[in-house]
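Enquirer: As numbered in my numbering, residues 25 to 164 make up the sequence shown, in order.
Read the hints as simulated data drawn from the structure, not as lab findings.
Among the hints, a few may not be true.
As the list claims (entries may be wrong) - Simulated restraints on C-beta separations:
(1) V104 with E57: 26 to 32 angstroms
(2) V61 with P118: 15 to 21 angstroms
(3) K144 with H106: 29 to 35 angstroms
Values in this document were obtained by computation on a predicted structure and should not be read as measured data.
Note that beta-carbon positions come from the ideal geometry of N, C-alpha and C, so glycine has one too.
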Amino acid sequence: MSVQQCELVEFPKIEDQRGNLTFIESGRHIPFEIRRVYYIYDVPGWANRGAHGHAALRQILIAINGSFTVHLDDARDQRVEHLCAPNVGLYLPPMIWRDITDFSEGAVCMVLASDFYDEKDYFRNYAKFRKAVESEKDQW
């Protein structure tokens, strides 16, 4: 996988004088069935979240409130995206290391995930992540 495959996805936004509404449908707006939803909040501005990668899990990160920065790394290239709109998500394919930083006050990061929680799917050590990427590259 490549950081170039991480893409911003704009979700429908219905606007009227009473406020805005955004909806997200599995298989229609995102390329997977949603099997888990979680959110990260009350993060101090100095703190980092993420600092891991996934072997198979696909995710979409959304700044439901406030903003934050996502640092992406595929062990070859890096990329940075700033999320600040509740109708825009960032799609993350497998084998992408991510660090989430610069949380604004009151920021909420909602994550839509393609599977249930499985600790075996995580890379929590960057050196092991790089080694797995190299092993995968050797199989091509």
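Enquirer: Against each hint, give a clear statement of whether it holds in the structure.
Expert: Hints, one by one, checked against the model:
One distance hint, 26 to 32 angstroms for the beta-carbon pair V104 and E57, holds here, with the actual separation near 29 angstroms. Between V61 and P118 the Cβ separation comes to about 18 angstroms, which falls inside the hinted range of 15 to 21 angstroms. Between K144 and H106 the beta carbons are some 31 angstroms apart, a value that agrees with the proposed interval 29 to 35 angstroms.
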